[in-house]
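*Asks:* Sequence:
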Amino acid sequence: MNRDSIIGIDIGLPTDLIEVEKWKWTEYEQYFSKLNDIEIDKMNVAEWLKTWSSLNEIIGELGTDLYIGTTIDTTNKKIRDRYYEFLEDISEPASTYNQKLKKKFLETGLSPEEFEVPLRAIKSEVELFEEENLSLITKDKKLAKEYDEIIGNQTVTWEGKEVTLTQLQPIMLETDRNRREEVFRLVTSRRLEDREAINRVWVKMMEVRERIAKNAGYENYRDWRWEYLQRFDYSPEDCLEFHEAIRETVVPACASLLENRKKEMKIEKLMPWDISVDPLGREALKPFSTINELENGCQNIFNKVDEKLGEYFNQMREKELLDLENRKGKAPGAYCAEYSYRRLPFIFHNAVGTHNDVQTLLHEGGHAFHCYESAHLPYSQQREVGMEFAEVASMSMELLGAPYFEEKNGGFYDEKNAKRAISEHLEKLILFWPYMAVVDAFQHWTYMNINDAKEPSKCDEKWSELWHQYNPTVDWNEFQEVVATGWHNKLHLYHVPFYYVEYGIAQLGAIQIWEQAIENQEEAVRKYRNALSLGGNKPLPQLFSATGGRFAFDKEILGHAVNLVLEKIEEYK
Numbered sequence: 001m002n003r004d005s006i007i008g009i010d011i012g013l014p015t016d017l018i019e020v021e022k023w024k025w026t027e028y029e030q031y032f033s034k035l036n037d038i039e040i041d042k043m044n045v046a047e048w049l050k051t052w053s054s055l056n057e058i059i060g061e062l063g064t065d066l067y068i069g070t071t072i073d074t075t076n077k078k079i080r081d082r083y084y085e086f087l088e089d090i091s092e093p094a095s096t097y098n099q100k101l102k103k104k105f106l107e108t109g110l111s112p113e114e115f116e117v118p119l120r121a122i123k124s125e126v127e128l129f130e131e132e133n134l135s136l137i138t139k140d141k142k143l144a145k146e147y148d149e150i151i152g153n154q155t156v157t158w159e160g161k162e163v164t165l166t167q168l169q170p171i172m173l174e175t176d177r178n179r180r181e182e183v184f185r186l187v188t189s190r191r192l193e194d195r196e197a198i199n200r201v202w203v204k205m206m207e208v209r210e211r212i213a214k215n216a217g218y219e220n221y222r223d224w225r226w227e228y229l230q231r232f233d234y235s236p237e238d239c240l241e242f243h244e245a246i247r248e249t250v251v252p253a254c255a256s257l258l259e260n261r262k263k264e265m266k267i268e269k270l271m272p273w274d275i276s277v278d279p280l281g282r283e284a285l286k287p288f289s290t291i292n293e294l295e296n297g298c299q300n301i302f303n304k305v306d307e308k309l310g311e312y313f314n315q316m317r318e319k320e321l322l323d324l325e326n327r328k329g330k331a332p333g334a335y336c337a338e339y340s341y342r343r344l345p346f347i348f349h350n351a352v353g354t355h356n357d358v359q360t361l362l363h364e365g366g367h368a369f370h371c372y373e374s375a376h377l378p379y380s381q382q383r384e385v386g387m388e389f390a391e392v393a394s395m396s397m398e399l400l401g402a403p404y405f406e407e408k409n410g411g412f413y414d415e416k417n418a419k420r421a422i423s424e425h426l427e428k429l430i431l432f433w434p435y436m437a438v439v440d441a442f443q444h445w446t447y448m449n450i451n452d453a454k455e456p457s458k459c460d461e462k463w464s465e466l467w468h469q470y471n472p473t474v475d476w477n478e479f480q481e482v483v484a485t486g487w488h489n490k491l492h493l494y495h496v497p498f499y500y501v502e503y504g505i506a507q508l509g510a511i512q513i514w515e516q517a518i519e520n521q522e523e524a525v526r527k528y529r530n531a532l533s534l535g536g537n538k539p540l541p542q543l544f545s546a547t548g549g550r551f552a553f554d555k556e557i558l559g560h561a562v563n564l565v566l567e568k569i570e571e572y573k
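Residue numbering for the sequence shown follows UniProt numbering, starting at 1 and increasing by one per position.
One should not assume that every hint holds.
[Stated by the list, open to error] DSS-like, lysine-lysine: derived pairs with alpha carbons at most 25 Å apart: (1) K142 / K22; (2) K22 / K319; (3) K308 / K538; (4) K34 / K78; (5) K123 / K34; (6) K286 / K568; (7) K78 / K204; (8) K458 / K490; (9) K458 / K214; (10) K304 / K527; (11) K419 / K266; (12) K141 / K458; (13) K538 / K102; (14) K286 / K419; (15) K263 / K568; (16) K416 / K573; (17) K102 / K141; (18) K416 / K139.
[Stated by the list, open to error] Pair by pair, the computed Cβ-Cβ distance ranges are: (19) N451 / S135: 37 to 47 Å; (20) D16 / K428: 37 to 47 Å; (21) K104 / A255: 49 to 59 Å.
Rather than coming from a laboratory, the hints here were simulated on the basis of the structure.
Computed from a predicted model, the values in this text were never measured in an experiment.
By construction, the Cβ of each residue, glycine as well, lies at the ideal position given by its N, Cα and C atoms.
With the sequences and hints as input, model every part of the structure.
*Replies:* Spelled out as structure tokens, the structure:
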């Protein structure tokens with residue numbers, strides 16, 4: 001955990017993080033105090049900011065390391081307790097002192113070059129800060145870990161073995177319809193066993209989040225969270241219009257795709273276990289059987305997309321910055337975290353041998369490359385990227401990597417299956433938007449109707465209403481409880497409230513990059529890397545523009561994207 005040097009004012013910061021792993025707050029506080037004692041002027045403002053960044057990067061890296069530890073093994077109480085201790089005893093007082101330093105910096109009226117966007121963010125953070133909320137934010141994070149523990153311990157017995165629910169996902173791709181149905185019923189039944197436990201966590205979360213908003217003087221949590229997420233370039237009303245555009249433009253396209261699926265499968269009703277399987281009865285794509293094969297295949301793809309990106313991924317493998325296998329006790333999902341001090345990424349996943357795992361590693365690889373490409377920026381605030389564009393980095397990589405799926409390029413498939421993999425992924429892009437609209441609309445309802453949201457039964461009703469509105473084709477009649485509790489399965493609702501519409505916006509950005517890549521892959525990748533190198537140092541519209549696209553999610557641009565994807569689905573079939 002070494003970094004050769006820290007550029008900035010010398011206040012005696014350590015360069016070896018092993019030294020600080022067991023520090024208490026008093027050890028950190030002395031460095032905050034030294035920064036506070038320095039008089040900022042035109043000559044030293046840039047160096048002062050670099051030193052402030054370094055101090056927070058040290059704290060951030062230790063917090064990331066502990067968080068990763070809690071997800072790698074949700075049964076490890078020792079690491080969980082250390083993470084909680086860090087949140088309460090280090091992160092909270094650091095946030096308080098950072099508020100003081102932010103005010104000190106703003107009062108100078110000074111700012112280095114290329115700092116306009118971070119300056120806007122700092123001003124917002126100062127206005128939003130409420131010391132009373134620090135312990136509540138920590139409590140909210142603890143509740144999210146309770147949710148992880150519930151989900152991480154969900155196992156069932158299948159064919160005589162105890163397996164995680166994630167490990168059963170490949171069976172949903174098998175051609176045996178009876179087996180798919182059996183697994184679907186087994187998985188959903190197991191999830192429903194935790195219904196009350198998750199409901200209890202949710203109710204506590206609603207109470208905490210309501211208090212956070214009130215403490216900060218906001219009428220509702222949605223408005224507070226909007227400011228917290230620094231959504232300067234679009235409004236809640238824009239999101240509601242996006243939902244409507246999806247309902248009018250994408251839902252009919254989805255209905256058409258699913259009706260075609262039903263015809264191809266020659267079935268009267270399209271059931272929940274019929275969505276992922278190949279409609280023509282072909283065996284599921286099996287791109288790899290070991291994690292090493294997954295890494296090797298994606299390594300080859302990244303090498304083809306861009307030599308430098310391939311070098312980045314190879315470094316991650318050498319430095320053991322990947323944990324990709326699924327196992328009992330591991331937190332759900334996938335993510336890419338950043339070790340902010342070393343400016344290195346870490347990818348976490350739960351791979352089980354499907355093509356979705358390939359797409360996920362490409363996706364998280366895009367996040368990792370964002371970390372590498374923006375690492376040159378001197379101030380940590382410049383590297384804080386809005387999620388709307390962070391997800392462009394990841395979603396674009398899923399599409400930029402697609403031309404190299406064939407084995408002749410070092411990928412996973414023959415020509416026929418490579419085309420099939422692309423077609424299946426493109427279909428998922430279309431099907432995703434309505435699901436995203438459900439998740440986002442549910443959150444708008446939740447935080448604008450907080451008293452109703454404290455009653456899980458009303459949450460069930462709202463989710464069901466939205467689900468049937470945006471997903472009218474599949475027959476869920478026998479599984480109304482499964483539909484109603486669908487909000488239990490979306491971890492974003494528990495970990496990162498309101499973080500989901502970003503995927504829908506970013507998907508539009510990614511498709512614009514992909515459209516350019518169809519004409520000139522090399523030039524599209526060049527623009528992509530250049531945009532990533534900007535970090536969060538430009539407003540969202542300029543970041544999107546740097547890729548050759550535009551920041552928009554209206555009916556017109558959505559319709560164009562849908563038509564392009566549908567056209568390519570037919571081409572690759």
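*Asks:* Does each hint fit the structure? Answer for all of them.
*Replies:* How the hints compare with the structure:
no.	hint	result
1	K142 / K22	holds (21 Å)
2	K22 / K319	holds (23 Å)
3	K308 / K538	holds (23 Å)
4	K34 / K78	violated (33 Å)
5	K123 / K34	holds (22 Å)
6	K286 / K568	holds (23 Å)
7	K78 / K204	holds (24 Å)
8	K458 / K490	holds (17 Å)
9	K458 / K214	holds (23 Å)
10	K304 / K527	holds (16 Å)
11	K419 / K266	holds (23 Å)
12	K141 / K458	holds (24 Å)
13	K538 / K102	holds (20 Å)
14	K286 / K419	holds (14 Å)
15	K263 / K568	holds (20 Å)
16	K416 / K573	holds (9 Å)
17	K102 / K141	holds (24 Å)
18	K416 / K139	violated (51 Å)
19	N451 / S135: 37 to 47 Å	violated (23 Å)
20	D16 / K428: 37 to 47 Å	holds (45 Å)
21	K104 / A255: 49 to 59 Å	holds (57 Å)
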